[in-house]
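Chemist: Position chain F relative to chain L; hints supplied.
Protein chains in written order, with the working numbering: chain L, 1 to 243; chain F, 1001 to 1240.
Rather than coming from a laboratory, the hints here were simulated on the basis of the structure.
Where is the CB? At the ideal position from N, CA and C, for every residue including glycine.
Some clues are possibly wrong.
As the list claims (entries may be wrong) - Here are the in silico distance ranges between beta carbons for each label pair:
hint: 1; chain 1: F; residue 1: T1075; chain 2: L; residue 2: I223; range: 18 to 28 Å
hint: 2; chain 1: F; residue 1: I1112; chain 2: L; residue 2: G216; range: 13 to 23 Å
hint: 3; chain 1: F; residue 1: V1082; chain 2: L; residue 2: F38; range: 22 to 32 Å
hint: 4; chain 1: F; residue 1: K1154; chain 2: L; residue 2: G113; range: 50 to 60 Å
hint: 5; chain 1: L; residue 1: R234; chain 2: F; residue 2: F1038; range: 48 to 58 Å
hint: 6; chain 1: L; residue 1: R79; chain 2: F; residue 2: L1229; range: 34 to 44 Å
What the hints assert, rightly or not - Chain L regions said to be covered by chain F (calculated; three or more residues, Cβ under 8 Å):
hint: 7; region: 194-203
hint: 8; region: 218-226
Said to hold, decoys possible - Chain F is nowhere near these chain L residues, computed Cβ spacing over 10 Å in every case:
hint: 9; residue: R47
hint: 10; residue: A142
hint: 11; residue: W239
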Amino acid sequence: MTSAGPLAAVGEVGKGFIQERSSDTLPCQADSGKLFCFDWAREHIDRYGTPTVEHLELVLFSVAIGFAVAFALALLAHRRRWLQPPLLAATGVLFTIPSIAFFFLLLPITGRGRDTAIIALAVYTLQIIYRNTMTGLANVPAPIKEAARGMGMTERQILWRVELRLATPEIVAGLQIATVSTVAIATLAVFAGGGGLGQPLYASINFSTNIILAGGIAFLMAIAFGLVLFGVQRLLTPWRRAA
Amino acid sequence: MIGAALSPAPLASIEGAIEFILSPQNSNVTGGKKVGGFDQVVELAVNQIELTLLALALSLLVALPIGLYLGHRGTGELFATVIGNAGRAVPELALIAFMATAIGVGVLNLTIALAVLGVPPILANTFVGIHQVDRASVDAARGIGMTEFEVLRKVEIPLAIPTIFAGIRGATIAIVATATIAPLAGVLTLGDFIINQNVYGDNGVLAGAIVVALLALALEFSLAGLQRLLTSRGLKLSSA
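For reference, chain L alone in the conformation it holds in the complex (with noise of 0.2 Å):
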């Protein structure tokens, strides 16, 4: 503990918890009073791409496993109304239990690693894109379903050529959402093994410069999703344009 940071006081209150574990020991990592070092930075950049990748992979696994389900709850309910109130009840639940304690209940069903970190972070997208997907459905005026009953289209072509196109703003807004808070929690998957950028910014987490370059390139990737998101929203209802 030669170059204790100002987070190795954490060692002795959370019981030996804090160590140094990176190995090397370069001079601007142990001057803990620099907040970002270029040259360290430009030498190591190369070290995020893998845990970059992996935070990617998480992403978008699991907002693609939650968008599939909370989509398809979605349906099921919109047909059968009963559904929707114990649907409503047991997203929210899920939602609410934290990722990080949901990592953990799941370890002694699938144990450490990256599927553990997956499903919990799809259970933590369920409600929001659930919960937004509905809403766009009942967002659509009658009306407007009336005419096409009347112009003899099936309650199955409803759905998919009327209701869920005037729904795409809302289910896409969920999405974007969740895709956006995923990212940012996903930095917490390292602590179930699930790799990712919390990876190299946890190992030397008393390192501003690490610190700024992990945490910044998962800032940045949320950013970047939610305006690619915000791009596809306007791609897909051109309409809203020409009003």
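Modeler: Just chain F now, with coordinates in the frame of chain L:
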């Protein structure tokens, strides 16, 4: 117990976790000192609640006035949206660690870092809630001679309570969830069981996860109840 001390238990079990919550257990690294048990669970849960309330208070202090002001004026929609979206993108682990290098570890660090999580939903929902109040109601209130402040206090806020409160609920859940990693920055919460697996063992980790989940759910349900109490009776009738 010697065998258990040499090789860590392979996986946690629900029974083990419940035992851990109810009574102190042996640990591999504390030199005979027992860990866990109901007293410690309660102590750490209280810490977590206190930290959550502190951070929530700070977020309210920051977000409510801004949200009320912008919502009442009807300006700054972009500002509220950007803050709301950027807030979601902040990785808390990095923020807490970064602030530890800047201002050190402890309650102040965590209160600020967790408040960063609480401000966006409260600000966004307060803005939307106030902004969405029917302009006709506001004009009517002005017409009967209310001052701007009275309009806000007697008309806009009561009508916006459900939306504002939804924001506060969201903020509270996010804060209490993230307060789980507070032990990293020197405040012992229930997350200590989860993060310090070497001290508490896998059963302790599972126990921590269970208690954290229960705590978050308990908070969510009490806030839902509180929201029902705070919603003006007229609003409840009209939505029924």
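Chemist: The structure should be examined with respect to each hint, and the outcome stated for every one.
Modeler: Cross-check of the supplied hints:
{"no.": "1", "hint": "F:T1075 <-> L:I223: 18 to 28 Å", "result": "holds (24 Å)"}
{"no.": "2", "hint": "F:I1112 <-> L:G216: 13 to 23 Å", "result": "holds (19 Å)"}
{"no.": "3", "hint": "F:V1082 <-> L:F38: 22 to 32 Å", "result": "holds (28 Å)"}
{"no.": "4", "hint": "F:K1154 <-> L:G113: 50 to 60 Å", "result": "holds (56 Å)"}
{"no.": "5", "hint": "L:R234 <-> F:F1038: 48 to 58 Å", "result": "holds (54 Å)"}
{"no.": "6", "hint": "L:R79 <-> F:L1229: 34 to 44 Å", "result": "holds (35 Å)"}
{"no.": "7", "hint": "194-203", "result": "holds (count 4)"}
{"no.": "8", "hint": "218-226", "result": "holds (count 5)"}
{"no.": "9", "hint": "R47", "result": "holds (16 Å)"}
{"no.": "10", "hint": "A142", "result": "holds (19 Å)"}
{"no.": "11", "hint": "W239", "result": "holds (22 Å)"}
Checked against the numbered hints given earlier, this structure breaks none of them.
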